[in-house]
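**Student:** Kindly generate the complete structure, drawing on both the sequences and the hints.
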Amino acid sequence: HDERLDGALTVWTAAQLQAKFSDILPASAILAEPEQCRPYECDGLSAYREVPTIVLLPASESEVVAIVRRCAEFGIVIIPRGAGTGLSGGAMPVPGAVMLVLSRMNQIIELDASMQLARVEPGVRNLAISEAAARLGLYYAPDPSSQIACSIGGNVAENAGGVHCLKYGLTVNNVQALRCVLADGEVLTLGGSCLDSPGLDLLAFMHGSEGMLAIITEITVRLLPVPPAVKTMLVSFDDVTRAGQAVADVLAAGIVPAGMEMMDTLAIQAAEDFARAGYPRDAEAILICELDGLSEDVRVGMERLQRVFECAGATEVRIAQNDAERDLFWRGRKSAFPAVGRMAPDYYCMDGTIPKRNLPEVLSGIARLSEQYGLPVANVFHAGDGNLHPLILFDANLSGQLEQAERMGGDILALCVELGGTITGEHGVGREKINQMCLQFSQEEREQFHAAKQAFDPERLLNPNKNIPTLARCAEFGAMHVHNNALPHPHLERF
Numbered sequence: 246h247d248e249r250l251d252g253a254l255t256v257w258t259a260a261q262l263q264a265k266f267s268d269i270l271p272a273s274a275i276l277a278e279p280e281q282c283r284p285y286e287c288d289g290l291s292a293y294r295e296v297p298t299i300v301l302l303p304a305s306e307s308e309v310v311a312i313v314r315r316c317a318e319f320g321i322v323i324i325p326r327g328a329g330t331g332l333s334g335g336a337m338p339v340p341g342a343v344m345l346v347l348s349r350m351n352q353i354i355e356l357d358a359s360m361q362l363a364r365v366e367p368g369v370r371n372l373a374i375s376e377a378a379a380r381l382g383l384y385y386a387p388d389p390s391s392q393i394a395c396s397i398g399g400n401v402a403e404n405a406g407g408v409h410c411l412k413y414g415l416t417v418n419n420v421q422a423l424r425c426v427l428a429d430g431e432v433l434t435l436g437g438s439c440l441d442s443p444g445l446d447l448l449a450f451m452h453g454s455e456g457m458l459a460i461i462t463e464i465t466v467r468l469l470p471v472p473p474a475v476k477t478m479l480v481s482f483d484d485v486t487r488a489g490q491a492v493a494d495v496l497a498a499g500i501v502p503a504g505m506e507m508m509d510t511l512a513i514q515a516a517e518d519f520a521r522a523g524y525p526r527d528a529e530a531i532l533i534c535e536l537d538g539l540s541e542d543v544r545v546g547m548e549r550l551q552r553v554f555e556c557a558g559a560t561e562v563r564i565a566q567n568d569a570e571r572d573l574f575w576r577g578r579k580s581a582f583p584a585v586g587r588m589a590p591d592y593y594c595m596d597g598t599i600p601k602r603n604l605p606e607v608l609s610g611i612a613r614l615s616e617q618y619g620l621p622v623a624n625v626f627h628a629g630d631g632n633l634h635p636l637i638l639f640d641a642n643l644s645g646q647l648e649q650a651e652r653m654g655g656d657i658l659a660l661c662v663e664l665g666g667t668i669t670g671e672h673g674v675g676r677e678k679i680n681q682m683c684l685q686f687s688q689e690e691r692e693q694f695h696a697a698k699q700a701f702d703p704e705r706l707l708n709p710n711k712n713i714p715t716l717a718r719c720a721e722f723g724a725m726h727v728h729n730n731a732l733p734h735p736h737l738e739r740f
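Numbering (the working numbering), first residue to last: 246 to 740.
It is worth saying that the hints were derived from the structure and are not from the lab.
One or more of the hints may lead you astray.
Keeping only pairs whose Cα atoms sit at most 25 Å apart, straight-line, the calculated DSS-like set for lysine-lysine is [to be verified]:
(1) K412 / K601
(2) K698 / K601
(3) K601 / K476
Taking CB as the label site, the calculated pair distances span [stated by the list, open to error]:
(4) A696 / Y293: 22 to 30 Å
(5) A379 / E616: 44 to 52 Å
(6) A274 / Q617: 30 to 38 Å
(7) P600 / A394: 25 to 33 Å
(8) R576 / D484: 19 to 27 Å
(9) P271 / E648: 39 to 47 Å
(10) N567 / L433: 43 to 51 Å
(11) R294 / V545: 49 to 57 Å
(12) A358 / Q688: 22 to 30 Å
(13) G523 / L447: 43 to 51 Å
(14) Q281 / V545: 25 to 33 Å
All C-beta atoms in this analysis are idealised placements derived from N, C-alpha and C, irrespective of residue type, glycine included.
**Tutor:** Shown next, in the form of structure tokens:
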């Protein structure tokens with residue numbers, strides 16, 4: 246991660262930057278001392294750290310506009326940041342740049358029950374939207390595991406998913422409009438109160454853009470009625486690949502659960518020790534499957550689900566008897582990441598996506614790589630939509646283990662690509678997966694990405710050196726990892 250900034254951009258000192266913004270923000274909103282800035286040295290991907298030169302904390306869109314215009318005037322790089330829960334290094338600081346933290350913009354501006362919409366600032370926590378809308382009988386569907394802490398602006402920047410995205414979609418499927426500030430300070434409104442808007446679909450284009458195209462200052466999200474009935478099932482298996490096949494069987498049967506999550510034995514044991522969720526510690530894999538909707542539809546659906554799982558070889562099928570037990574099932578799943586963090590000094594969380602039919606094959610491939618590298622893996626999957634979160638356990642204090650974990654993670658992502666999947670489902674590319682972009686996309690496609698960046702940010706001031714690799718980087722990476730135009734897993738069928 247030692248590339249220079251794009252172009253000949255100036256690396257500013259903290260004193261120089263502090264002087265340039267002191268007339269825009271109060272002193273309390275400018276952090277320039279190293280000990281003040283250190284909490285912002287990384288996001289959730291803590292393996293890579295860089296103390297920001299300066300941190301700015303605007304409280305309004307007008308302050309963001311003023312900061313961006315000042316940065317455009319002097320060629321100052323901006324690193325946007327939300328709650329810092331991202332897992333791809335997308336908010337990693339750049340020396341001599343401004344870190345623009347939007348956490349103080351945390352107001353719910355409007356709840357509209359008749360339109361089933363909420364207008365919020367980017368620093369509003371994901372869960373806070375549903376908490377505020379509950380009195381209207383409404384909620385916001387996307388629910389990342391970090392929903393208690395992650396911000397909605399960051400969710401848009403990474404196009405976050407969650408355990409219920411199988412039925413209700415990712416962030417992009419639940420956002421109606423955005424206000425954002427372009428690199429020159431112009432404010433742009435995308436979308437609106439209608440389901441469609443004229444012109445190019447720039448609203449979708451902005452999702453997953455990781456702060457590289459604009460800075461989001463307001464989000465209008467769709468709210469849904471709280472479903473009248475919800476039932477959750479915990480299904481155990483004595484074989485991981487059999488559990489993976491059961492996922493495909495459910496979808497082939499025409500059943501679309503609200504969510505269908507999978508955990509293997511290492512993740513089960515970690516979550517059970519942490520959350521006491523009642524998981525079967527001796528199971529090789531579990532599925533947590535939830536249906537919601539009208540009571541009779543849910544009842545019939547649960548009966549069909551149970552038959553499918555029993556035919557797939559489930560060793561136990563348990564249906565939550567009340568809301569408390571249902572919450573316990575989900576608490577174990579949503580605490581899996583911190584729970585696994587107790588099992589080793591460090592873990593490396595991957596985020597590949599595959600065609601659902603290939604889930605058993607990928608599970609076998611991950612097991613082989615775990616044995617090859619000598620590093621344990623706890624698997625936690627959004628199984629219903631093919632989004633994998635293998636957690637590679639390692640100890641960064643041991644020489645070479647971080648590099649081993651990175652190489653293994655790269656091989657897992659290469660496996661996903663070769664099976665027709667992608668290198669990220671919801672965590673984004675950031676700095677972490679920038680090399681794997683060279684596997685996912687051709688040179689011609691990467692050139693189009695650079696052209697889009699150029700159209701929105703010609704001076705390359707917004708979050709540079711993230712997401713889109715240079716052609717030189719891909720040439721170097723290809724020389725190391727791609728031989729005779731073949732990926733590292735040539736035995737696998739291509740789709």
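**Student:** Compare the structure with each hint and give your call.
**Tutor:** Now the hints, each set against the structure:
Distance restraint check for K412 and K601: the Cα-Cα separation of roughly 15 Å lies within the 25 Å cut-off, and the hinted pair is therefore satisfied. For the suggested pair K698 and K601, the alpha carbons sit about 32 Å apart, so the restraint of at most 25 Å is broken. Distance hint between K601 and K476 is fulfilled; the C-alpha atoms sit about 23 Å from each other, no more than 25 Å. Take A696 and Y293: their Cβ atoms lie about 28 Å apart, and the range 22 to 30 Å holds.
For the hinted restraint 44 to 52 Å between A379 and E616, the CB-CB distance of approximately 47 Å keeps it satisfied. Between A274 and Q617, the C-beta spacing of about 49 Å breaks the proposed range 30 to 38 Å. Our hint of 25 to 33 Å for P600 and A394 holds, since their Cβ atoms are close to 31 Å apart. The hint said 19 to 27 Å for the Cβ distance between R576 and D484, and at roughly 26 Å that hint holds.
A hinted range of 39 to 47 Å holds for the C-beta pair P271 and E648, which are about 44 Å apart. Separated by about 47 Å at the C-beta atoms, N567 and L433 satisfy the suggested range of 43 to 51 Å. Taking the beta carbon of each, R294 and V545 are about 52 Å apart, inside 49 to 57 Å as hinted. At about 50 Å, the CB distance of A358 to Q688 disagrees with the hint of 22 to 30 Å.
For G523 and L447, the Cβ-Cβ distance of about 46 Å falls inside the hinted range of 43 to 51 Å, so the restraint holds. Judged by the Cβ atoms, the range 25 to 33 Å given for Q281 and V545 is violated: they are separated by roughly 58 Å.
In summary, the structure is inconsistent with hints 2, 6, 12 and 14 from the numbered list given earlier, while agreeing with the others.
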